Amino acid sequence: MSSEKPAYSIHSLIHSYDGRIVLDIPHLDIPSGQIHLLTGPNGSGKTTLLSILALLLTPVTGSVLLDGVEAVGRKDRRLRRKVTLIHQKPVLFSMTVRNNIGYGLRAAGLSLKEIDSRVERILEKAHLRDIAEKQARKLSGGEAQRVVLARGLIMETPVVLLDEPTNSLDDASRPVLCCLLREANLRQATIIIATHDAELLSSPNTQVLKMDAGRIIE
Amino acid sequence: MNDLKQAFSEALRLIFSANSDFTTTVAASLRFSISSTLLASALGIPLGIALANAHFRFKRLVEDVLNSLLAVPTVVVGLFVYTLIFSQGPLGRFRLLFSPTAIVLGQTLLIFPLIASLACSAVSGVDPIVRQTALTLGAARLRTAWTVASEAKAALLVVCLTAFGRVIGEIGISLLLGGNILGYTRTITTAISLQTSRGEFALGLALGMVLLCVAFGINMAMRLLRTKP
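Protein sequences appear in the order of chains A and B. First residue of the first sequence? That's -16 in this note's numbering, and the numbers climb one at a time after it. First residue of the second sequence? That's 19 in this note's numbering, and the numbers climb one at a time after it.
These aren't lab readings, by the way, just hints derived from the structure by calculation. As the structure is a prediction and not an experimental result, all values here were calculated from the model. Treat the hints with care, since some could be wrong.
[Claimed, not checked] Which residues of chain A face chain B? A few of them, derived with a C-beta cut under 8 Å, are:
(1) Ser(-1)
(2) Tyr0
(3) Ala37
(4) Leu39
(5) Leu62
(6) Thr67
(7) Lys72
(8) Ser94
(9) Leu95
(10) Lys96
(11) Met138
(12) Lys193
(13) Ala196
By construction, the Cβ of each residue, glycine as well, lies at the ideal position given by its N, Cα and C atoms.
So here's chain A without its partners, still in its complex pose (with noise of 0.2 Å):
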């Protein structure tokens, strides 16, 4: 399933904030078109991890190659079009559910068109379509999270990052949760899920990778 170049190749990779080191990762590479779960207590940098997977975070040193290019203090839009960082907080724009969703294909200069289609398609899917005209600021914390989740995924980036996905989700919107990503998986996308839960999306095609103090023990 997975091809030859990995999605991502971290080398001598560290982070620090106030002198304190949060993340130290040697040598690491993530296959491409997998599922990546990373797991570990609170603060043992899997946020951190992600925000730099993300290109919004400057690691103090090390090299993160994403796609076989060098990301590290690059913030150019094309390399940052690659990936997806859904966070664990659901923060929606003042906009409508549908405006919300369409946000980043519009950034991305598609046709109203295209963008129609593609907001129904993924409204469908993620059972978003009967509140598409409501103001997202006024839904439930698992409204939020799925229309969070559907304005991510819609992207279709090759790489989809998200930080404690299931964590304000109610228990009707993960399999919601499990199938989107699962179809993202199924074009190829290579997503890393930081996640308490084990469980999520366990297939062969899941990887694990357990973190603890900044360090990838597993």
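Based on the hints, put chain B in the right spot on chain A.
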């Protein structure tokens, strides 16, 4: 006591009879204040948004300069503009002194740093995840800045109302640059000052009531905007 009662009843009569001196003065004040607030907002809000989104070496210094300018008395701003536009000043040939344009110019200068500084604070107060989310969704810098600013819409409107409250109640600029000409550059505050010095309290009180109503309206609007989800 009787004089005060009489002045109040006369003030109310002036308000409800729509006395022409009263209405022209109120209209001029509102016109100048709205114009300067719009102009300063058009300049100050983009600067505030840009400042909130920018990361450069002297950012803190620029913020400190803007904050320091908030404390400049209105009469000093008036004096500064006066030196620019009086007949021998660098802009003297435009004959702006004692005109509505001069007042609007001075008031704009007065509230521009206020708006820029408060807009910067308002936008900086938006959850940083909003910016990160916009970036991870592939938004360019301008779209990201716009998205972040949109999240601070209510706060930015409060900034405009605060600035309007500051200019409608100022006197130094209106007096120095406008010259207090009836029906032309006379504002609520300069009229109150003049009427009081003449010992005629009724019109001054009537205008003072308008200022109080404006202040009350601004506070109500700000409360509504703040409580809006």
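Contradicted hints - numbers only: 1, 2, 5, 8, 9, 10, 12 and 13
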